[in-house]
Amino acid sequence: MKVELTPVNAPSMRSRPVYAPLEPRPGKLHVIVADDEGANAVTDMLDKSNNRSEILADAHVMYCPGPTGTDLSTKLEVLGAAQFFRAPTIPALLPRLVRVLADAHMGTQFYLAGTEGLIGQAEREIMATGFPHASIQKEHRGSTLRRVQCVHCKGITENVATDPFKCSHCGLNLFVRDHYSRRIAAFQGVNIDAEDPGQVPESVVRFK
Amino acid sequence: MSLDFKFAPDDFGGFFRDETFRDTFTYRNSDPRRFPFPFDRDDYMYSVNMEPHVPGRKGTAFEHMLDVDEHYIAEMIDRAKVLAEDPLRCQSLPHMTLAGWDVLELIMEAKARDYPQWFSLTKDGNRWHWVNRPLGIEQSFTFLDESTLPYPPFEYIMRQTQGDWTLQDERDGTLWMDAGIATSQADWSVDFDVGMNFHEWHAPVPLAHEKGVFDRALKFLLKLQHGAPVRRFNWTMTVNPLLDTAPETYPKWGPMRTTLTQENMGQKMHLRVELQSLYRLPRSNAIAFDIRCYLCSFEQIVEVPKWARRLHRVIRDLPVELATYKGFIRNRDAMVEWLSKYDDGAPTSPGWFPDD
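Those protein sequence lines, which keep their order, are chains X and H. Letter by letter, the first sequence follows residues 1 to 208 in the working numbering. Letter by letter, the second sequence follows residues 1001 to 1356 in the working numbering.
Chain X extracted, bound-state conformation:
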């Protein structure tokens, strides 16, 4: 099978979430979850607001460095939010988010910023608690590395840079299909050489 790889700058696919700059909104609690360069999206949002100190007084900020090592945690730490937490990785950040969600009431505003992997996994936890779509804002910043689920073995490979790539679980050669599942918070990876075993096109760096 000849597989046409989608150019990186191609228009977004219909199953991909829509991202937009974060806007300050009135709320009883502001849950701010960011990684990588998402810290800049958070400070830009606060710079736009005319009640910055009120937002920060009711804000819980969670941050972890990006997949390529970008660490802007001090930028958020010095904001003076009611609560600030720096996690080393996304998996280390999520349990705290889940705990915060258990006490969050309607009227909570969610701000997600940074990589698609962080946004997708945080959004999944928030939606599982029944918060409406409309209370979640998402802004993509920084790394475009992808989180990809192998459709064959179901294992998820984090931080995929090249297309095709080797599944970190079953070892099949996968191409990254432009199809995104919010429930799994991942793109779909499909075996590229099933019909012609061993004939794998040269890997191209598509995500950085």
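In case anyone wonders, no lab produced these hints; they're calculated from the structure. Don't be surprised by glycine CBs; every beta carbon is placed ideally from N, CA and C. Some clues are possibly wrong.
[What the hints assert, rightly or not] Only some residues are given here: those of chain X computed to face chain H with a beta carbon under 7 Å:
no., residue
1, R14
2, S15
3, V151
4, H152
5, H179
6, S181
7, R183
8, Q188
9, N191
10, A194
11, E195
[Stated by the list, open to error] Cut-off 30 Å, straight-line C-alpha distance, at most; resulting in silico cross-link-like pairs (DSSO-like, lysine-lysine):
no., chain 1, residue 1, chain 2, residue 2
12, X, K75, X, K28
13, H, K1326, H, K1081
14, X, K154, X, K166
15, X, K208, X, K48
16, H, K1252, H, K1081
17, H, K1252, X, K154
18, H, K1326, H, K1306
19, X, K166, H, K1326
20, H, K1081, X, K154
21, H, K1219, H, K1326
22, X, K48, X, K28
23, X, K75, X, K48
24, X, K154, H, K1326
25, X, K75, X, K208
26, X, K166, H, K1252
Given chain X, work out where chain H should sit, using these hints.
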């Protein structure tokens, strides 16, 4: 229910075929004229192409609301095998249980009404008694009480129903595929797609978004009324009569696409038709979507001269994006070469049905 169906074809006058959709591939249609040939003209492009799903011509796949044909038992055996290998092929999000009961009722009532020789449903209030003679199932249960069935209602009825089905919840002005079973799908993953909305799960389809096909289809479906089901066709090609062409198992079946020659084309290449029907469900207000798969080998299709001519022209003139998406671009030229021998260039009559 288990994998060990007591298959005894003689019990039903030999109506149900003892056949396979894997390994030995003994699947065949006794009468190809019964096949729902999907092309009503000599070319093809996507369209919404919905029509009322009303009973149609006798002796065709359209005679009843749900078509129970000679492949029923063999398909249910194949489904049980797929589910045993991969339980993720049947999923229902927690809020979809009521819709599962709705679809169980829809199917049991339709089968008992249209095929009383094989199925019966008796009700005493919520105490129901269901008999499925071809599969040797007899079940007393309480409607809406999950604890009285051996499976959740959706999976219970799907193990006795041909076709892949999805259940769509309606909210926020769109449809959400929040339950589904797929063991005879044309290369889409229930596990990946469950929980997606209408535009999300159709995202990989080329050309159609730009033509506004999905916007129009969604508008149409949101107006779907209980008791007024609709239907449409979709189609693709499959090498060997393989019901289960899931992306999950693509590394297993994909290589079969490389085995075609002019000599085996007629026997191996199958036109795969999806007769899709949609039903609004009464209690949950969900929409049930039945994707019923029919397979017919090229050699059986060309027994009908009108279909032979038409299939050649459709495949020859199909846009390359569609042949790629449908997964037969690598074999298209060989298919056209084989089919061209059965096309004398004569005009064809409008509509699907054979001329004779």
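Status of each hint after checking the structure:
Against a cut-off of 7 Å between C-beta atoms, the interface hint on R14(X) holds, since the closest Cβ of chain H lies about 4 Å away. Satisfaction of the interface hint for S15(X) is found here, the shortest Cβ-Cβ separation to chain H being roughly 4 Å, below the 7 Å cut-off. Restraint check, V151(X) versus chain H: the minimum CB separation of about 5 Å is within 7 Å; hint holds. With 7 Å as the threshold, the beta carbon of H152(X) comes within range of chain H, its nearest partner Cβ sitting at about 6 Å, so the hint holds.
Because the closest C-beta pair between H179(X) and chain H is about 5 Å apart, less than 7 Å, the hint holds. Given the 7 Å rule on beta carbons, the hint for S181(X) holds: about 5 Å separates it from the nearest Cβ of chain H. Taking 7 Å as the C-beta cut-off, the interface hint given for R183(X) holds, the closest approach to chain H being about 4 Å. Interface restraint check: Q188(X) against chain H, minimum CB-CB distance 6 Å, threshold 7 Å, status holds.
Residue-level restraint check for N191(X) holds (minimum Cβ-Cβ distance to chain H is 5 Å; threshold 7 Å). Annotation: interface hint on A194(X) holds; nearest CB of chain H at approximately 3 Å, less than 7 Å. A least Cβ separation of about 5 Å between E195(X) and chain H falls short of the 7 Å threshold, and the interface hint therefore holds. Between K75(X) and K28(X) the alpha-carbon distance is near 24 Å, which keeps this suggested pair within the 30 Å criterion.
A hinted pair counts as satisfied when its Cα atoms are at most 30 Å apart, and K1326(H) with K1081(H) qualifies at roughly 25 Å. Taking the CA atoms of K154(X) and K166(X), the gap is near 13 Å; set against the 30 Å cutoff, the hint holds. At most 30 Å may separate the alpha-carbon atoms for a hinted pair to count; K208(X) and K48(X) meet this at roughly 29 Å. Under the criterion of a C-alpha separation no larger than 30 Å, the hint pairing K1252(H) with K1081(H) is consistent with the structure, at around 15 Å.
Pair hint K1252(H) plus K154(X) holds up; C-alpha atoms about 16 Å apart against a cutoff of 30 Å. The hinted pair formed by K1326(H) and K1306(H) meets the criterion: a straight-line CA distance of about 23 Å does not exceed 30 Å. For the hint linking K166(X) to K1326(H), the alpha-carbon distance of about 25 Å falls within 30 Å, and the restraint holds. Our distance criterion of 30 Å between C-alpha atoms is met by K1081(H) and K154(X), whose separation comes to about 20 Å.
Only pairs whose Cα atoms come within 30 Å are accepted, and K1219(H) paired with K1326(H) is accepted, the gap being roughly 25 Å. Between K48(X) and K28(X) the CA atoms are separated by roughly 19 Å; this keeps the pair inside 30 Å, and the hint holds. In summary, the hint linking K75(X) to K48(X) is supported, as the alpha carbons are separated by about 17 Å, within the 30 Å threshold. For the given pair, K154(X) sits about 23 Å from K1326(H) by alpha-carbon distance, which is consistent with the 30 Å threshold.
As the CA atoms of K75(X) and K208(X) are separated by approximately 23 Å, the hinted pair is consistent with the 30 Å bound. A distance of roughly 18 Å separates the Cα atoms of K166(X) and K1252(H); the hinted pair therefore holds under the 30 Å criterion.
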